[in-house]
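2 protein chains.
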Amino acid sequence: MILNFVTGNEGKFKEVKQILSKFQINVKQAKVELIEPQIEDIKEVSKSKAIQAFEKLREPVFVEDAGLFIDSLNGFPGAFSAFVYKKIGCEGILQLMKNKSNRDAFFASSIAFMSFSLREPVVFYAEVKGKIANEKRGSSGFGFDPIFIPNGYDKTFAELGEEKNEISHRRKALDLFIEFLLKNR
Amino acid sequence: MILNFVTGNEGKFKEVKQILSKFQINVKQAKVELIEPQIEDIKEVSKSKAIQAFEKLREPVFVEDAGLFIDSLNGFPGAFSAFVYKKIGCEGILQLMKNKSNRDAFFASSIAFMSFSLREPVVFYAEVKGKIANEKRGSSGFGFDPIFIPNGYDKTFAELGEEKNEISHRRKALDLFIEFLLKNR
Numbered sequence: 001m002i003l004n005f006v007t008g009n010e011g012k013f014k015e016v017k018q019i020l021s022k023f024q025i026n027v028k029q030a031k032v033e034l035i036e037p038q039i040e041d042i043k044e045v046s047k048s049k050a051i052q053a054f055e056k057l058r059e060p061v062f063v064e065d066a067g068l069f070i071d072s073l074n075g076f077p078g079a080f081s082a083f084v085y086k087k088i089g090c091e092g093i094l095q096l097m098k099n100k101s102n103r104d105a106f107f108a109s110s111i112a113f114m115s116f117s118l119r120e121p122v123v124f125y126a127e128v129k130g131k132i133a134n135e136k137r138g139s140s141g142f143g144f145d146p147i148f149i150p151n152g153y154d155k156t157f158a159e160l161g162e163e164k165n166e167i168s169h170r171r172k173a174l175d176l177f178i179e180f181l182l183k184n185r
Numbered sequence: 001m002i003l004n005f006v007t008g009n010e011g012k013f014k015e016v017k018q019i020l021s022k023f024q025i026n027v028k029q030a031k032v033e034l035i036e037p038q039i040e041d042i043k044e045v046s047k048s049k050a051i052q053a054f055e056k057l058r059e060p061v062f063v064e065d066a067g068l069f070i071d072s073l074n075g076f077p078g079a080f081s082a083f084v085y086k087k088i089g090c091e092g093i094l095q096l097m098k099n100k101s102n103r104d105a106f107f108a109s110s111i112a113f114m115s116f117s118l119r120e121p122v123v124f125y126a127e128v129k130g131k132i133a134n135e136k137r138g139s140s141g142f143g144f145d146p147i148f149i150p151n152g153y154d155k156t157f158a159e160l161g162e163e164k165n166e167i168s169h170r171r172k173a174l175d176l177f178i179e180f181l182l183k184n185r
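If you're matching them up, the sequences are chains A and B in order. Residue 19 in my numbering sits at position 19 of the first sequence, with consecutive numbering throughout. Residue 11 in my numbering sits at position 11 of the second sequence, with consecutive numbering throughout.
What the hints contain is simulated information worked out from the structure, not anything from laboratory work. For clarity, every value in this text was computed on a predicted model and none was experimentally measured. Incorrect hints may appear among the rest.
Same chains, same label: a pair holds when it works inside one copy or across any pair of copies.
[Unchecked claim] Below 30 Å or equal to it, Euclidean Cα-Cα: the simulated DSSO-like pairs (lysine-lysine) are: (1) K172 - K28; (2) K43 - K86; (3) K136 - K98; (4) K131 - K86; (5) K100 - K43; (6) K136 - K100; (7) K183 - K129; (8) K31 - K172; (9) K31 - K43; (10) K43 - K56; (11) K31 - K155; (12) K98 - K86; (13) K131 - K100; (14) K86 - K136; (15) K131 - K98; (16) K183 - K43; (17) K131 - K28; (18) K131 - K172; (19) K56 - K22.
Turn these sequences into a full structure, and let the hints steer you where they fit.
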């Protein structure tokens, strides 16, 4: 089974490929021009993009959207994490979090899969709760990984290295996706 | 001449209606569900939305997209100003600008107009340069108006009241639009 993973993010592709390979699921990176809808619900974002990608490729495809949702910033940067990261980085988020006592946050991942046998995309969604660190730590992973400490750990995602892929939001959503794939093989 | 202005933003509608009424151009507010594409170029955003709105309404339509682009934040919040305002407000921007010596910024407005006689939307774009204030000032207008001081003034857009509508990015884009409308009446 070879699936098209539509993403322009190399870090994300590497992470997903690594996880899926353990289950003998092959994935190839497909770069397709998609309209990223400016909506706050990442489930709806991924669904819209899976439909668009399937219409263009006419092969089984999946997309993954993720976001960091910070409680004391009303869920910012959320579905717009990639844009916000590009513009203000981890430093910008740390600046916004200065003097905030509530540092609760969660990372969410939404995978939408579409194929010929489906009438509409199937969505797999998961979250990991944690806290925003007081400073950047670690260098693995990508995006806001250096400032997110998952609950039950004292390291950031970027300090956890490969261990991140055992516990991350993306891993949890992928687990649901893998379960579906193996059941419907 | 009655034009459909597609927007869900009451403050924006009021401002545009006020300006256009001086030129005997009537405008009504149309609320249409549009996909707001997550792209950074507000010209492209407005163009996409004008096409979508015209396809749904089949009447002459225009949309207006605006954004605040801050130099020292790499153009943040830009095309995502509405989302960023909703989540972190003026306070969030002021926090990000703390200790930044370069406070240059500009407001941009892009109007896209589509009608039966056009093959694709016509876009009218304008900018107003200025600076980010050190604190919120004034209460008229909406969005980031209380923290933007246009060049040549010492008041923020929110302190300028109706005078804002004589000099704003939106006014300048509307002037181009009005010129086009009167020429093609």
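Task: Hint check against the structure, violated hint numbers in rising order - done: 11 and 17
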